[in-house]
Amino acid sequence: MDAPSATERRGDDGPAPVIATRGLTKRYRGGQLAVDGLDLTVPAGSVFGFLGPNGSGKTTTIRMLMGLIAPTSGTARVLGRPMPRATRAVLPQVGALIEGPALYGFLSGRDNLLRYDAADPTADPRTRRARVAAALDRVGLTAAAGKKARAYSLGMKQRLGLAAALLQPRRLLVLDEPTNGLDPQGMREIRSLVRELASDGTTVFLSSHLLDEIEQVCTHAAVMTRGRLVTQGSVADLAAGARGRLVVLTPDPGDAARVLKEQGVGDVGADGDRVTGEPPERDLAEVTAALVTAGVRVRGLTVERASLEDAFVALTGEGFDVAG
Amino acid sequence: MSRAEAPPAPAGRRPRALWTFGLLRSELVTTLRRWRTLALLGVLAAVPVLVGIAVKVETRGGSSSGPDGGGGPAFIAQITNNGLFLVFTALAATLPFFLPMAVGVVAGDAIAGEAGGGTLRYLLVAPAGRTRLLLTKYTTVMAFCLLATLVVAVSALAVGALLFPLGDLTTISGTRIGFADGLGRALLIALVVAASLVGVAALGLFVSTLTNSGIAAMATTVGLLITVQILDQIPQLHALRPYLFPHYWLSFADLMRDPVYWDDLVKNLGLQALYAAVFGSAAWARFTAKDISA
Ligand SMILES: Nc1ncnc2c1ncn2[C@@H]1O[C@H](COP(=O)(O)OP(=O)(O)OP(=O)(O)O)[C@@H](O)[C@H]1O
Ligand SMILES: [Mg+2]
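Top to bottom, those sequences are chains A and B. Residues 1 to 324 (full-length UniProt numbering) are what the first sequence spells out, left to right. Residues 1 to 294 (full-length UniProt numbering) are what the second sequence spells out, left to right.
Read the hints as simulated data drawn from the structure, not as lab findings. Since we're looking at a predicted model, the values are computed, not measured. Do not rely on the hints blindly, as some may be mistaken.
Selected chain B positions facing chain A (in silico; Cβ < 8 Å) [unchecked claim]:
(1) Arg13
(2) Arg33
(3) Arg34
(4) Gly118
(5) Thr131
(6) Phe179
(7) Gln233
(8) Pro235
(9) Gln236
From the three backbone atoms N, C-alpha and C, an ideal C-beta is built for every residue, glycine too.
Please put together the full structure from these sequences, using the hints given.
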């Protein structure tokens with residue numbers, strides 16, 4: 001799985017990448033190697049999905065990009081400037097949601113946003129109230145704005161965290177699992193929000209476990225396991241990289257499986273009237289003919305396109321256990 | 001989620017000198033809106049009330065305490081003659097523990113509480129800037145030192161005026177000074193007491209940069225306060241004692257001498273400045289290099 005060079009190497013005419021890391025490595029004080037030699041390139045204007053199983057180092061990477069933790073080695077550039085050195089210049093143009101929202105429970109939702117906005121020395125206090133109101137409106141929290149954040153539900157907190165990232169027009173949004181805890185309606189709204197922001201030219205960097213979600217909104221994606229980048233590129237390329245499955249629907253699964261094996265189809269398995277296998281090199285028309293000649297009754301024969309989930313599982317392994 | 005009209009593209013906004021104080025204002029307001037802060041201030045305000053009522057009840061019972069009052073905090077014997085002395089008594093009673101404990105709680109929680117709640121990472125990506133945030137926290141804790149002291153003093157003055165006569169007063173040296181002069185000295189004493197708390201405040205802020213748990217930082221700071229207070233009572237440690245932050249705390253009484261005896265007052269203020277510089281720098285060194293992983 002070598003990194004696709006299409007996005008890796010940009011032509012001199014292309015816009016500079018919004019995020020570029022070289023050999024980015026983080027070893028925590030306990031000795032845990034959380035991120036290992038990461039070379040990540042996020043093109044400007046992309047909606048970039050950052051995938052990986054639990055504990056693969058996504059949040060650690062995001063913390064390094066935001067200057068919250070120092071890399072053990074390697075470099076990270078965000079909006080063309082080195083991090084963590086240029087935090088003061090870079091971060092006002094970046095909105096971030098990192099590992100869930102964090103709020104002052106004794107303040108109302110609105111007061112939480114007012115405080116976060118006051119923390120930004122480039123934020124104009126004269127427009128503060130208006131910007132806070134607009135951000136609340138954007139995430140659908142206007143009605144609950146006066147409520148103490150302590151009394152917010154998980155999804156409401158998540159929305160408020162998003163609102164904090166939207167207090168200013170941003171060039172980059174970094175969203176670590178933004179739909180965590182949201183209801184289906186909320187998820188759809190986040191998706192349309194992301195699309196809307198992207199169409200305004202904001203680059204969105206989004207980590208998620210929900211693969212169909214990434215597939216729906218992202219133009220690009222990268223996959224991590226155990227702190228290493230396994231692949232990155234456009235979503236279409238990634239899904240195409242994973243091979244599809246040949247599926248035969250038949251009332252004679254036993255015969256069909258035998259014939260398919262004879263025809264050189266690998267990894268054949270039957271499940272009820274569904275027989276599946278790796279698509280063979282040869283023309284599928286010949287496979288069909290062979291099945292019919294052998295007297296197998298065929299209801300349907302297709303190659304199912306690989307989903308991003310198949311690609312993901314192929315890249316990160318099937319295992320459920322978290323790498324230690 | 002309705003569609004908000006997109007503001008014009010951000011062309012590298014710049015920080016403005018004045019806007020930078022927005023964080024300080026937010027910090028002061030946020031600190032004061034915490035239930036915990038209000039509870040601490042409430043306790044501090046209650047101390048003079050209790051002392052005042054106790055003295056009043058005691059004297060009404062006829063068993064008027066002797067001329068030099070025996071035990072109890074400084075100046076307590078004079079309260080029945082002049083309510084203004086309740087200010088000095090209340091400050092003397094709260095300075096050894098209540099005041100520094102309140103300051104230790106607020107200072108200990110300053111950074112660690114934000115780290116524990118996760119809000120620290122959002123302040124830093126806002127970006128508050130680590131040095132700016134620490135300076136803001138430092139200033140807020142200092143402001144709290146002053147506020148806490150003033151709460152004690154004002155409450156004592158109100159209770160003293162309510163329960164006892166006010167008027168000219170006698171200094172420790174035996175000279176008489178007018179009420180206005182006495183009031184001025186009370187204010188001066190309050191300022192000196194507030195300044196005496198700067199050492200604990202700096203220590204607490206440093207402890208606060210070491211952990212991600214607000215409770216742990218508060219407990220450590222208050223624990224250190226008690227330990228140092230005990231160490232300061234051990235005569236065998238005489239070589240060390242002049243460097244312990246509470247050592248010259250009660251020197252504020254020297255402001256009630258005529259003429260004022262400055263030696264210990266100056267030593268106290270110098271010691272507090274030293275603590276502020278040493279632990280302030282340590283907090284800065286730690287906080288600016290720290291991994292924010294909570
Ligand atoms: N503060 C820390 N100290 C030590 N090790 C840590 C720390 N934070 C994370 N780790 C370790 O680093 C590795 C990567 O963690 P990270 O939080 O980056 O994963 P993630 O990809 O965000 O996982 P998830 O999908 O569950 O959010 C894990 O093995 C984790 O145990
Ligand atoms: Mg994570």
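Verification of the hints:
no. : hint   : in the structure
1   : Arg13  : holds, 4 Å
2   : Arg33  : holds, 7 Å
3   : Arg34  : holds, 6 Å
4   : Gly118 : holds, 3 Å
5   : Thr131 : violated, 10 Å
6   : Phe179 : violated, 42 Å
7   : Gln233 : violated, 39 Å
8   : Pro235 : violated, 43 Å
9   : Gln236 : violated, 39 Å
The structure fails to meet hints 5, 6, 7, 8 and 9 from the earlier list, while all remaining hints are met.
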